[in-house]
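Line order of the protein sequences matches chains A and B.
The opening residue of the first sequence carries number 1 in UniProt numbering; numbering runs sequentially from there.
The opening residue of the second sequence carries number 1 in UniProt numbering; numbering runs sequentially from there.
Hints are supplied without guarantee of correctness; some may be wrong.
No more than 25 Å apart at the CA atoms, straight line, and that leaves these computed lysine to any residue pairs for SDA-like [what the hints assert, rightly or not]:
(1) A/2 with A/163
(2) B/114 with A/65
(3) B/14 with A/89
(4) B/296 with B/260
(5) A/14 with A/294
(6) B/14 with A/21
(7) B/108 with A/69
(8) A/108 with B/201
(9) B/108 with A/139
(10) B/14 with B/30
(11) B/264 with B/249
(12) A/221 with A/317
(13) B/108 with A/64
(14) A/108 with A/29
(15) A/108 with B/264
(16) B/151 with B/163
(17) B/114 with A/100
(18) A/114 with B/74
(19) A/108 with B/108
(20) B/14 with A/54
(21) B/108 with A/2
(22) B/108 with A/61
(23) A/286 with A/303
(24) A/108 with B/286
(25) B/151 with B/117
(26) A/362 with A/372
(27) B/114 with A/73
(28) B/14 with A/53
(29) B/22 with A/96
(30) B/108 with A/54
(31) A/114 with B/232
(32) B/264 with B/61
(33) A/14 with A/40
(34) A/139 with B/286
(35) A/108 with B/22
(36) B/108 with A/25
(37) B/286 with B/309
(38) A/159 with A/201
Just so you know, the hints here were simulated from the structure itself, not pulled from any lab data.
If you're wondering where the values come from, they're calculated on a predicted model, not measured in any experiment.
Number of protein chains: 2
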Amino acid sequence: MKFIHTADWHIGKKIHGFQLLKEQREVFEQMLEVAIREEVDAIVVAGDLYDRAVPPSEAVALLNQLFVELNIENRFPILAISGNHDSPTRLETGGPWYQTLNFHLHTKISQSLKPIVIGNTQFFLLPYFEPIDARLYFKDETLVTHELAAKRVVEEMEKQFNSEYNQVLVAHLFVAGSLRTESETEVMVGGLDQVSASIFNAFDYVALGHLHDPNATRHAKLQYSGTLLKFSISEANQQKGFKLIELSDEGELTNQFFPVSPEKELRVLEGFFADLIEPTYYEAQKRDDFIYVQLKDTKMIPDAMNRLREIYPNVLGMERLDRSGLMATMNLTTREKLKTKDPSELFKDYYEEVMGEALSSKQETLLNELLQNLDVTNKGGRN
Amino acid sequence: MKFIHTADWHIGKKIHGFQLLKEQREVFEQMLEVAIREEVDAIVVAGDLYDRAVPPSEAVALLNQLFVELNIENRFPILAISGNHDSPTRLETGGPWYQTLNFHLHTKISQSLKPIVIGNTQFFLLPYFEPIDARLYFKDETLVTHELAAKRVVEEMEKQFNSEYNQVLVAHLFVAGSLRTESETEVMVGGLDQVSASIFNAFDYVALGHLHDPNATRHAKLQYSGTLLKFSISEANQQKGFKLIELSDEGELTNQFFPVSPEKELRVLEGFFADLIEPTYYEAQKRDDFIYVQLKDTKMIPDAMNRLREIYPNVLGMERLDRSGLMATMNLTTREKLKTKDPSELFKDYYEEVMGEALSSKQETLLNELLQNLDVTNKGGRN
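Just chain A, same shape as in the assembly:
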């Protein structure tokens, strides 16, 4: 049994207002190429296919197309589940027909208890679910946490284990002790959504989705694939990709990570503003990447975001590495100067400093109206 383990496609997701559909297609194609070359027996997608319960129609068109390419054009069996970002009801459209071509897309606990057998392996496809779903399904009011609910589900699965096969669990959940990144929506406060790794000991492999870092766990048999794309600045330094899992008839596990990256990568540029806009510097850069700027400067820089955008067209945003330095370095003369500055100018500088972008013309109009109504006269500020 040789299969690809991927997850968290989040088709339709935007970062800082930028569409990623093109990038999502690119990394998919890199994965498809490996699937074909390695002649894998199945593709596992462990939840969060879409980024939202009601995805925009371009996202629907893309995901439909990716599944057509995998399952209809290339005849790969697909083993997929819904994640916390997906609407189970919407995602299950087509499900009963998908099965005719060995495409299994599970969205309910009940479906997860009946294994899908491919080659030497029983696959259990457990969609994301809430404890309330388990309470209803098992008619058991004691299943009040994710931990208890998952335990109960696994108990039920183990009854279906056939010792002649390997057992693989596909699930979308947060295994205790794993590392989170910013772009994973925090569903729970205080770790209530955590599930102990030990619950899953009976499986030969647990193919997880939910966390975006492929190294989020250190358990060899229980792994997150990570995302195919970087979905937040905090993921900028992660190598994204998918895993190729092999399970011998004796249950021996091999795990190989395949990196992927889109043509336009998400990157952080760190430096002084003057350096970043210096031709000798930026000409050596891939300027159309999705760039996030971290400035070392401590002085104000007028119109910084627009000036960056002229050079880096897909700049996502910017921030100061050291915010506190800004005021500290102002000498008294500067402070005195501030007193004579027009309030609207002061606000505009401040806004740009904090937000990393200039006021829009609409915002500027609103600001001026507001200041007029307040009858602000420049009689010197407080110290």
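Knowing the structure of chain A, use the given hints to seat chain B on it.
Positioned in the frame of chain A, the structure of chain B alone reads:
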């Protein structure tokens, strides 16, 4: 070839705020029963499966389930198209897999040009489309009207005609000279969306969707099925149902109408208020129907809507048959009395008279605040 012709399911549609999912399931079941008893060869659904491009998830769950029952549980081939209310992109999810079980759901012009052959018949499934879609597909800038675009599509279909078969067109459009009802969204002004019946002369039968009246056309070979439910007051007197079409090998057409009706039917009650709330009258009525009230009264009736709702729990609304009578019948004494009435009382009576329902408590609070701010004192009104 014996098939059911139905259309305009509008799954998820509400009337006057009332969900119809239960009713939609009921009439579907009546249709399914006939399909099984008559051992039909196919089910044709001529567009507007959903009521909205992004249907609520309960609607998605219901339509998914209806198709499972038709195609997976009962193995009926389905020939369906998207209508103007559907999102082609969203509806085509699952499409390539549906085909494996002879469920054909077409959402694009390109798909319509390749006939689906079942028994002695070639079916051409033409989804709702705009002239711009035809211009793009045929790369022909002259296709500026629905008429020209439909003509061009049919020309292309005719090239695929095989004289050994009957030819049936399934389409969602407005045939010139047909009767419209209120609940059909008016897409075009001035009849620009009309298509001449003669364009379709070459077909043995044209199974249409779009108009809700099963008798909207008088062409024997070109018919609307009508809806399975009444979707507006203007449809209250239509008998709803579907058509059973038979086409012999010689192209002989038989058309049989099967009525369906939900347990709670949409009905108009006409009468004087006093009669409608009289036990001897309403006890003979099916009071939980979706009732629309047309009042013959010319006098004001306080709290009319709430009083009707106590007797008819699913009352949709009410109106006066003769509005003009209301003021005319007021004698001078009544008019004088009005002058001494509290403005808030006057407004409340008026609102209820016009809107057919009482002010909500929130509206009443707002009204009182407003009147207070206006400092309205009752010094006698104008004449």
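Hint by hint, here is what the structure shows:
Proximity of residue 2 of chain A to residue 163 of chain A is assessed by CA-CA distance (about 19 Å); at most 25 Å being required, the pair is judged to hold. With a C-alpha separation of about 21 Å, the suggested pairing of residue 114 of chain B with residue 65 of chain A holds against the 25 Å cut-off. Of the supplied pair hints, the one linking residue 14 of chain B and residue 89 of chain A holds, its CA atoms being roughly 20 Å apart against a limit of 25 Å. Between residue 296 of chain B and residue 260 of chain B the alpha-carbon distance is near 31 Å, which puts this suggested pair outside the 25 Å criterion.
Of the pairs offered as hints, the one joining residue 14 of chain A and residue 294 of chain A holds, with about 21 Å between alpha carbons and a cut-off of 25 Å not exceeded. Between residue 14 of chain B and residue 21 of chain A the alpha-carbon distance is near 35 Å, which puts this suggested pair outside the 25 Å criterion. For the suggested pair residue 108 of chain B and residue 69 of chain A, the alpha carbons sit about 19 Å apart, so the restraint of at most 25 Å is met. For the hint pairing residue 108 of chain A with residue 201 of chain B, the CA-to-CA distance comes to about 49 Å; that exceeds 25 Å, so the pair is violated.
Between residue 108 of chain B and residue 139 of chain A the alpha-carbon distance is near 45 Å, which puts this suggested pair outside the 25 Å criterion. With a C-alpha separation of about 21 Å, the suggested pair residue 14 of chain B and residue 30 of chain B falls inside the 25 Å cut-off, and the hint holds. A distance of roughly 41 Å separates the Cα atoms of residue 264 of chain B and residue 249 of chain B; the hinted pair therefore is violated under the 25 Å criterion. The hinted pair formed by residue 221 of chain A and residue 317 of chain A fails the criterion: a straight-line CA distance of about 38 Å is larger than 25 Å.
A C-alpha spacing of about 15 Å is found between residue 108 of chain B and residue 64 of chain A, which places the hinted pair at or below 25 Å, so the restraint holds. As the CA atoms of residue 108 of chain A and residue 29 of chain A are separated by approximately 29 Å, the hinted pair breaks the 25 Å bound. This hinted pair does not check out: residue 108 of chain A and residue 264 of chain B have alpha carbons roughly 32 Å apart, beyond 25 Å. About 20 Å separates the Cα atoms of residue 151 of chain B and residue 163 of chain B, which keeps this hinted pair within 25 Å; it holds.
Proposed proximity of residue 114 of chain B and residue 100 of chain A is supported: the alpha carbons are some 23 Å apart, at most 25 Å. Taken as a hint, the residue 114 of chain A and residue 74 of chain B pair is honoured in the structure, with Cα atoms around 24 Å apart against an allowance of 25 Å. Between the alpha carbons of residue 108 of chain A and residue 108 of chain B the distance comes to roughly 32 Å, so the proposed pair goes past 25 Å and is violated. For the proposed pair residue 14 of chain B and residue 54 of chain A, the alpha carbon gap of about 20 Å is at most 25 Å, so the pair holds.
Proposed proximity of residue 108 of chain B and residue 2 of chain A is contradicted: the alpha carbons are some 38 Å apart, above 25 Å. Pair hint residue 108 of chain B plus residue 61 of chain A holds up; C-alpha atoms about 13 Å apart against a cutoff of 25 Å. About 23 Å separates the Cα atoms of residue 286 of chain A and residue 303 of chain A, which keeps this hinted pair within 25 Å; it holds. A C-alpha spacing of about 40 Å is found between residue 108 of chain A and residue 286 of chain B, which places the hinted pair above 25 Å, so the restraint is violated.
Pair hint residue 151 of chain B plus residue 117 of chain B holds up; C-alpha atoms about 22 Å apart against a cutoff of 25 Å. Taking the CA atoms of residue 362 of chain A and residue 372 of chain A, the gap is near 15 Å; set against the 25 Å cutoff, the hint holds. Distance restraint check for residue 114 of chain B and residue 73 of chain A: the Cα-Cα separation of roughly 20 Å lies within the 25 Å cut-off, and the hinted pair is therefore satisfied. With a C-alpha separation of about 22 Å, the suggested pairing of residue 14 of chain B with residue 53 of chain A holds against the 25 Å cut-off.
About 23 Å separates the Cα atoms of residue 22 of chain B and residue 96 of chain A, which keeps this hinted pair within 25 Å; it holds. Restraint check for residue 108 of chain B and residue 54 of chain A: the C-alpha separation of about 22 Å stays at or below 25 Å, so the hint holds. At roughly 45 Å between alpha-carbon atoms, residue 114 of chain A and residue 232 of chain B are farther apart than 25 Å, so this suggested pair is violated. At most 25 Å may separate the alpha-carbon atoms for a hinted pair to count; residue 264 of chain B and residue 61 of chain B meet this at roughly 22 Å.
Distance restraint check for residue 14 of chain A and residue 40 of chain A: the Cα-Cα separation of roughly 31 Å exceeds the 25 Å cut-off, and the hinted pair is therefore not satisfied. In summary, the hint linking residue 139 of chain A to residue 286 of chain B is not supported, as the alpha carbons are separated by about 38 Å, beyond the 25 Å threshold. At most 25 Å may separate the alpha-carbon atoms for a hinted pair to count; residue 108 of chain A and residue 22 of chain B meet this at roughly 23 Å. Between residue 108 of chain B and residue 25 of chain A, the direct Cα distance comes to roughly 23 Å. Compliance with the 25 Å bound is thereby established for this hinted pair.
In summary, the hint linking residue 286 of chain B to residue 309 of chain B is supported, as the alpha carbons are separated by about 14 Å, within the 25 Å threshold. A C-alpha spacing of about 14 Å is found between residue 159 of chain A and residue 201 of chain A, which places the hinted pair at or below 25 Å, so the restraint holds.
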